[in-house]
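**Q** Oh and the sequence shown: position 101 is 101 in this note's numbering, straight run, nothing missing.
No wet-lab data here; the hints were simulated from the structure. It cannot be assumed that every hint is accurate.
Stated by the list, open to error - Here are the computed lysine-lysine pairs in the BS3-like style, where the Cα-Cα straight-line distance is at most 25 Å:
#1 Lys-107 with Lys-71
#2 Lys-71 with Lys-27
#3 Lys-71 with Lys-57
#4 Lys-55 with Lys-138
#5 Lys-138 with Lys-58
#6 Lys-27 with Lys-107
#7 Lys-138 with Lys-57
#8 Lys-57 with Lys-27
#9 Lys-57 with Lys-23
#10 Lys-55 with Lys-71
#11 Lys-27 with Lys-55
#12 Lys-58 with Lys-27
#13 Lys-23 with Lys-71
#14 Lys-23 with Lys-218
#15 Lys-58 with Lys-71
#16 Lys-23 with Lys-55
#17 Lys-23 with Lys-107
#18 Lys-138 with Lys-23
#19 Lys-58 with Lys-23
#20 Lys-27 with Lys-138
Said to hold, decoys possible - Derived CB-CB ranges, DEER-like:
#21 Glu-165 with Asn-65: 34 to 42 Å
#22 Lys-58 with Gln-248: 32 to 40 Å
#23 Ile-86 with Phe-133: 14 to 22 Å
This structure is a prediction, so every number in the text was calculated from the model and none was measured. Heads up, the beta-carbon is just placed ideally off N, CA and C, and yes, glycines get one too.
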Amino acid sequence: MSGHSKWATTKHKKAAIDAKRAKAFAKYIKGIEVAARMGGPDTAGNPALDLAVSKAKKNSVPVANIDRAVKRGAGLTGEVVDYTEILYEARGPQGTALYIECLTDNKNRAASEVRVAVTRNGGTMADSGSVAFLFERKGVVEVTRTDGLTEDDVLMAVLDAGADEVVEQEDVFEVVSEATDLPAIRAALDEAGLEYNNDDPQFRPSMLVELDAEGARKFLRLVDAVEELDDVQNVYANADIPAEVLAQLDSED
Numbered sequence: 001m002s003g004h005s006k007w008a009t010t011k012h013k014k015a016a017i018d019a020k021r022a023k024a025f026a027k028y029i030k031g032i033e034v035a036a037r038m039g040g041p042d043t044a045g046n047p048a049l050d051l052a053v054s055k056a057k058k059n060s061v062p063v064a065n066i067d068r069a070v071k072r073g074a075g076l077t078g079e080v081v082d083y084t085e086i087l088y089e090a091r092g093p094q095g096t097a098l099y100i101e102c103l104t105d106n107k108n109r110a111a112s113e114v115r116v117a118v119t120r121n122g123g124t125m126a127d128s129g130s131v132a133f134l135f136e137r138k139g140v141v142e143v144t145r146t147d148g149l150t151e152d153d154v155l156m157a158v159l160d161a162g163a164d165e166v167v168e169q170e171d172v173f174e175v176v177s178e179a180t181d182l183p184a185i186r187a188a189l190d191e192a193g194l195e196y197n198n199d200d201p202q203f204r205p206s207m208l209v210e211l212d213a214e215g216a217r218k219f220l221r222l223v224d225a226v227e228e229l230d231d232v233q234n235v236y237a238n239a240d241i242p243a244e245v246l247a248q249l250d251s252e253d
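Put together the whole structure using the sequences plus the hints.
**A** This is how it looks when you write it as structure tokens:
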């Protein structure tokens with residue numbers, strides 16, 4: 001689940017601990033296959049592939065898996081890789097909105113599975129455009145927090161590269177920019193020697209909907225069900241779960 005809310009980092013940490021590794025690996029592998037299909041297998045001449053491979057390595061995807069994905073995507077294995085990106089819109093509890101990003105080789109399967117996951121877990125599918133306007137396409141880079149590193153330090157490193165803001169989270173600093181400024185942001189962070197990850201374009205909500213405990217419980221169940229689908233790459237939402245509500249839910253586990 002990606003989004004700009006107080007609980008995003010907490011959930012990211014939880015996901016890292018129970019860490020849906022197979023799902024995470026599949027996401028990076030798809031990204032490599034798509035990049036190799038579009039620009040060929042040579043990372044030196046295909047910047048998109050170079051970035052996709054770098055992300056996969058940074059997230060511990062085995063090198064053998066990466067190599068196979070490059071060859072498969074470039075058509076060197078005789079397999080045909082043809083993914084389509086689709087965005088689905090849905091409504092969740094207490095007026096929340098979900099923007100669901102899929103990368104699939106079977107549009108009918110993806111549509112059916114998303115619809116079933118949403119409706120069986122208390123959500124409703126929304127008409128095209130009824131949710132999209134609540135989100136903005138932004139570049140987001142997560143800079144690792146280290147001892148002595150401050151928000152001002154990060155801001156000074158990326159300000160001239162086009163950063164809109166730096167948001168302090170529990171264990172990262174989020175650098176937010178226009179999606180087109182991401183390469184410049186990455187270059188500025190590299191030059192400053194700052195470690196970062198999750199350096200992708202994202203859909204960020206323009207406003208948040210605060211949930212109570214009942215709404216948060218239903219919302220998290222809904223998001224978990226959608227995120228588990230193989231074709232789903234990202235789920236963006238405008239939910240804000242306050243710290244006290246998160247603490248209450250944690251105590252129930």
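**Q** Straight-line Cα separation of Lys-138 and Lys-57 no greater than 25 Å?
**A** Distance ~24 Å between Lys-138 and Lys-57 Cα, so the pair holds.
**Q** Is 34 to 42 Å right for how far apart the beta carbons of Glu-165 and Asn-65 are?
**A** Cβ of Glu-165 to Cβ of Asn-65: about 36 Å, so the range 34 to 42 Å holds.
**Q** CA of Lys-58 to CA of Lys-71, is that 25 Å or under?
**A** holds (20 Å)
**Q** Taking 32 to 40 Å as the hint, is the beta-carbon distance of Lys-58 and Gln-248 inside that range?
**A** Given a distance of about 35 Å, which is inside 32 to 40 Å, the answer is holds.
**Q** Would the pair Lys-27 and Lys-107 pass a check requiring their Cα atoms to be no farther apart than 25 Å?
**A** At roughly 17 Å apart (the allowed maximum being 25 Å), Lys-107 and Lys-27 satisfy the hint.
**Q** Measure nothing beyond the straight line between the CA atoms of Lys-138 and Lys-23; if it is 25 Å or shorter, mark the hint as holding.
**A** holds (24 Å)
**Q** With the threshold set at 25 Å, check whether the alpha-carbon distance from Lys-57 to Lys-27 stays at or below it.
**A** holds (13 Å)
**Q** Holds or violated: are the alpha carbons of Lys-55 and Lys-71 at most 25 Å from each other?
**A** The hint holds at about 17 Å.
**Q** Holds or violated: Lys-23 with Lys-55, Cα cutoff 25 Å?
**A** Holds - the C-alpha atoms of Lys-55 and Lys-23 are around 15 Å apart, at most 25 Å.
**Q** For the pair we were handed, Lys-57 and Lys-23, check the Cα-Cα distance against 25 Å.
**A** holds (15 Å)
**Q** Is it true that the CA of Lys-23 sits at most 25 Å from the CA of Lys-218?
**A** holds (22 Å)
**Q** Under the criterion that the straight-line Cα-Cα distance not exceed 25 Å, is the pair Lys-107, Lys-71 satisfied?
**A** holds (24 Å)
This entry satisfies every hint, going by the numbered hints stated previously.
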